[in-house]
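**Student:** Letter by letter, the chains look like this.
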Amino acid sequence: MVWINAILQGVLLGGLYALFAAGLSLMFGVMRFINIAHGDFIVTAAYLMVAFVTGWSIHPAVAVVLVLISLTTAGYINQRILLNRVLGKDILPPILVTFGMSIIIQNALLEIFSADSRRLPAGWLETGSITISDAISIGWLPLMMFGAAVAVIGGLQLVFYKTALGRMLRATSDDPEIVPLMGGNNAHIFAVATALASLVVGIAGIFLAMKTNFDPSAGPARLLFAFEAVIIGGLGSLWGTLAGGIILGVAQTLGAQIDAGYQILAGHLVFLALLVVRPRGLFPKM
Amino acid sequence: MTQLLETTNLTAFYGDFQALFGIDVSVQDGECVALIGSNGAGKSTFLRAITGMIPAKGQNVNFGGQNVAGMTADKIHKAGMAMVPEGRRLFPSLSVEENLLIGAAGKRPGPWSLDGVYDLFPDLVAKRHNPGTALSGGQQQMVAIGRALMSNPQLLLCDEISLGLAPKVIKDIYTAVPKIRAGGTAILVVEQDVGQAMAVADRVYCFMEGRVTLSGTPDSLTRAQIAAAYFGSNEDEEAA
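As given, the protein sequences belong to chains A and B, one line each in that order.
Counting from 1, position 170 in the first sequence corresponds to residue 172 in this note's numbering; the numbering is continuous, with no gaps.
Counting from 1, position 49 in the second sequence corresponds to residue 97 in this note's numbering; the numbering is continuous, with no gaps.
Since the hints were derived computationally from the structure, they do not count as laboratory data.
Cβ atoms here follow ideal geometry from the backbone N, Cα and C, with glycine treated the same way.
As a list, the in silico DSBU-like pairs of lysine-lysine whose alpha-carbon atoms are at most 35 Å apart:
#1 Lys164/A x Lys175/B
#2 Lys216/B x Lys155/B
#3 Lys123/B x Lys287/A
Here are some of the chain A residues that sit facing chain B, going by a computed Cβ distance under 10 Å:
#4 Met170
#5 Ser175
#6 Ile180
#7 Pro182
#8 Leu183
#9 Gly185
Using the sequences plus the hints, can you model the full thing?
**Tutor:** Set out below in structure tokens:
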């Protein structure tokens, strides 16, 4: 029974990892862009949420909307005026620039919020759960995170395959050189992709703030989990990213069931094992 | 007829290499013009220069009454120039219909629509939900032409549309040209097949080594003139 419980909790944890990973997957899918500062953007969103709610006493629902609007806008502007300049055939410049941004963001957060770890008080959500049997109960927060992950990935899938915007994003992913000849403006399309990814980053950050204690240096670990989820799932596949997150989450909770110290290690080991067996991931699209 | 496109003394470079040396080409409203010449003569480079794919800043490319030289490719597209690129370049992860709809993203008003394209190329109807790249070469070319038409262009540029296709298929594709012109669209084709170019065009320009060596209406040009303009008239120049 405890093992079933561990698997169940792992699946739900996988939802959070999928949320971490979806934005990364989206940006890589559309423009082969690897954002090393992705985890730091998530942590920034978490801090923003905490600052709005505890610092300025803004109602949480309003704060959620503010965080999402801020992140989306910042994502668009950042891509349009900074990151577009380093996009090209060479993947190294974007990595270097976002690595620099990662350091800048961590230090700025340290300067503004200090090194103390923070958390967003979520009231009954923190402890509330549905009891299924003596050994198994499902927390409301993990359930919400998983639901949000499915909704986000389903929503992105709808945007990509059912709307004109998504069509243009997929066309740009296929052949960015030809898109301007069809009237598409690459600079704008890339910025829209980053804005969408940043919206998901905002959602991930809000859940991170409620789920756990975090500090200014929490970003890189989130980036690592996101990378692992994306690569396990297969590059360019959004549902694959959800599967990757779930596999990572289950591996971690099963590891923790064996010994609390094995949680993170078990996730990395499963990732490495999958990399050996299926180097292109489970559902590669590119 | 009014002037639709006019380049004056157009030059183009790839790095230090000069690919075009002072090209003067014009296209009237509704006209069909062919560019002929051997590989590397500069025909495709000319198309790349006027569509904004390679920089033409500070030069003279008059299109529909404005100088489009130096504008970005998407702005030039919105001004009414649409391209059927060499090698077709369909988007592989998009279906035939989605490829066509991408062409309409600029929302230029005009006569062309999905139905219009399917009327022009009925072969595509049954394949509309297949991936664009799963089609035969000729059908892919039809999609590429349809995709360009969806933007309701004033000028349709076709780069090597018969390259690698069977003669029967080329004939099918060229039967679309009069129907496209009937909608008021002028056409500029780059064509290596001189016979095909002469048959379809009102005027031809022959390119050699980045220069226009001959131009005129098909019936005003002799085979000898064309051969000289195409291959160069003396051996020394060829060797250089």
